Every structure is written in C-alpha cells, then in structure tokens.
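Asker: The listed protein sequences derive, respectively, from chains A and B.
In this text, residue positions in the first sequence follow this note's numbering: the first is 817, and each later residue adds one.
In this text, residue positions in the second sequence follow this note's numbering: the first is 817, and each later residue adds one.
Calculated from the structure, these hints are not laboratory results.
None of these values were measured; they are calculated from a predicted model.
Treat the hints with caution; some may be incorrect.
Identical chains share a label here; the pair holds if one copy fits it or two copies do between them.
Below are the EDC-like pairs computed for lysine to aspartate or glutamate, each with C-alpha atoms no more than 20 angstroms apart in a straight line [stated by the list, open to error]:
hint : residue 1 : residue 2
1    : K922      : D904
2    : K1018     : D949
3    : K989      : E856
4    : K989      : D904
5    : K989      : E931
6    : K922      : D831
7    : K989      : E966
8    : K992      : E964
9    : K992      : E966
10   : K922      : D829
11   : K922      : D830
12   : K1001     : D969
13   : K978      : E966
14   : K922      : E855
Protein chains: 2
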Amino acid sequence: MTEAAETIFLVDDDDAVLRAVGRLLRSAGCTVRSYPSAEEFIAAHHDGAMGCLVADISMPGRTGLELQEWLSHNQSALPIIFLTGCGDVPTSVRAMKGGAVDFLTKPVEEMELLEAVDAALQRGRRQRIAQADRDGARALLNTLTAREREVFDHLLTGRLNKQIAAALGTVEKTIKVHRARVLRKLGVSSIAELVHLAGRAK
Amino acid sequence: MTEAAETIFLVDDDDAVLRAVGRLLRSAGCTVRSYPSAEEFIAAHHDGAMGCLVADISMPGRTGLELQEWLSHNQSALPIIFLTGCGDVPTSVRAMKGGAVDFLTKPVEEMELLEAVDAALQRGRRQRIAQADRDGARALLNTLTAREREVFDHLLTGRLNKQIAAALGTVEKTIKVHRARVLRKLGVSSIAELVHLAGRAK
DNA sequence: CCGCGCATTGGCCCAAAGTCCAATATCGGA
DNA sequence: TCCGATATTGGACTTTGGGCCAATGCGCGG
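Sequences are here, hints too, so could you generate the full structure?
Answerer: This is the structure in structure tokens:
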C-alpha cells in the first residue's frame, strides 16, 4: 500500500472559505484536508506529503508567506497556491518569487482555482519523479566506501587506471579491483553509464 | 572588440519616467537606452543584446506583457523588470509566471529599482554563460558527419565497438576508426569526457 | 582473540581499445 | 573527368580493461 493519494491542503482562517473551497475541490474528486491556521497545518505536516497547498495570505499567527518560507526551509517541495481576498502587488510578487504556482484573489472563479490546483499537482508530480531519481542515484553512490568513492571521482573525469593509481598512491592493480567493484555496486557496465548515473545524482 | 557593454533598455510611454529612471540608472553607472513604445524597442532590438529590460505595463500599442511574450517567442533571453503605476495582482502574477525578474510599482524607491536591475543583470550573465557553453558544445557536435554522429550516440550509451558495428551493419574495425575520429574531433580523450560534452550540449 | 569488511597486491589470460600502416569505393562537385 | 571528403576494411602491434584465483595486512566489534 504505497499509494497515499494526493491531498489538497487547505489553510485559511475563515471557516466559510475552508468549507466552500473544500466542497468545490471534493466535488472535483480531490482529497482535501483543512486547517484553520498555518501552525495547525505545520503540526500535521509530514515530509512525504503529496499534493499541493492552497493557502490564504493574511492569517492570525503565521502568514501565508511565512508558511511558504517555512516549507522551503524544511525542504518540503509541496507546491503552493495562494488564495486571498486582500492581495496586493508586492505580496503577490514575493509569493511568486518564492516559487508559488499561482496567486489568486477571492472571489475566485471555480475553473480558475481548479486549473491552478491541476497545475500545482502536475508540478508536484514532476518534482517527486525528479527527486526520486536523484535519491535513487545518491543512495547507490552511498553504498560506495570512501576509497571506492575516490576512484569513482577519478573515473568520472576519464582518468586511466594507472593515473588514478598515481594520484591515490597505489598501483594499477589495486585500482583495477576498485574500479570493478564500483561498476558492480552501481549496477553499470560501462564508464558512459557511470557518468550518466553521476549526472542523475547531480 | 567583442565587449559590447551591458545595456539597460527602458521602455515607457511616459517621457518623464524615461528621463527620471534613465538619469537614476546612468548615475549608477549603467548604459541606458530609452524607447517610448514596445514597437520602437523591437525595431531596434537585436538578438545578442546584453543587459536587461525595464518596461512599463500599460502602453499604447503593444503592452508590457505583450512585449514579454514577443521576447520569449523570439528566443531573446533578456531579463525583464516591470515598472508600472497601475499594476494589479493578476497582471503581476502573469508577468512573474512569464519569467519576469521583478514587478515594481511606481513610485519606486531608488534602491529597490537598482537592486532589481542588479538581479536582472546577474540572471542575464548566468544565462549567457550557460548559453555559450551549450552553443559551444553543439557547434562541436555539428562538426561530426552523419555517420560519426550515429557512432557518437552509441558511444554515449556505453556500447562496445562490436555492438555498434552490428547495429550499424558494418564491422568492428570501421567503428574503431569512426570512434577515434569522433574523439579527436570533439577534443576529448575518453568516453567520460565525451558524455560530459554531450551533457553540456543538452 | 577471532571473524569480517576493507584495502592492498600478485599472476595469468583474454577481450577491448588505441595506433600505426595501407587500400578500396562512392558521391558530389570544380 | 579528376579531386576531395567520407565510409569502409584489413593487418599488425601496444596499451588498457575485465575476470578469476589467491594472499596479506589492518581495524573493529563480538
């Protein structure tokens, strides 16, 4: 059961908005969770969350922009849509600079919100795929011992075994063994594939 | 004489704004060119332009957003800062979604504008460096003949000479020759470097 | 103290790649 | 029609890389 469905996290201090937007999104087939404040959302938030966040800007306690900052500080890649009644230009610009998917003003047309949510979910999926790819590659690299990692780095730059040996103060034979182990551990059979793998780990 | 300095391109239908902003930027050491309309800027614009664009939003003829679209359609990577007196939230969001560096409202604090211009120039420099790197790599790849390019693609995936030969319907010896030529033409001495080069060309 | 993981090194053999040599064939132009 | 670029192939030789078996030394935790 790895399939935790995508969730739309709603954060707004106005209960009427939470209910209205929640109903709209649910009727569109979304799974929705509502929070009356940024703090309550943060308390319930876990890193692996999938979906997107629809948040108000001005709220008692932490504001929408502060919530956005908190998420980025906490490596959370949850895409954010701001939905506010009292938005001004500088705020919207800050939000967009901070990576928000969209910045909508109430009252919002249903279609507009649904499209924004769709775009946010798409972005989230792409991010997760890219992240999983990176993580997978990094996990593989982490199986290398310190010495193997050194050899790996030299292999990336296309050095010959004898050159690596000279650089590491050993003999070619030793590097040959390390090289074979590195290729085996990383599940590749050529230097080309090894370089590609390193690129995926970024 | 390759050193065409960075220029700030000012586009605003209000002559007073052109003069005031122009004076501010010039006093900060910038080279400035002013245009009273998007059309006049477009007429004078050439692809290799370096610097950034500071544009108004609402103007007779082409608007700021339409100018932004025109630039992106024309592959121009000139970073854009919008500076407008009558900006609303939806417009600013569209501008930022379209890749604008910033969206400022008049009257603007001098420091704010200067910082935005600085950020835009920085972004432009990064883009040019990245672009030059890509173009260089692509130019190298374009020196390959069709056949060499086929061999190149197989080398990227880590295939052996005999495997490439089978795929291309020739013998290993022939591939060996092509392989040597490819490495020589591209100025690399290992498959690892070749893969890196291909990555730069993207 | 012993086992285990890790780094190190040796020998042997074979496969693959790099480097010279040279030769033929085709195709599009000058 | 002859030239130049390209593709093709062969031979011979050297250098590198990969696989297999074996062995030593070191440090760490049971």
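Asker: Going back to the hint list, which numbers does this structure go against?
Answerer: 3, 4, 5 and 14
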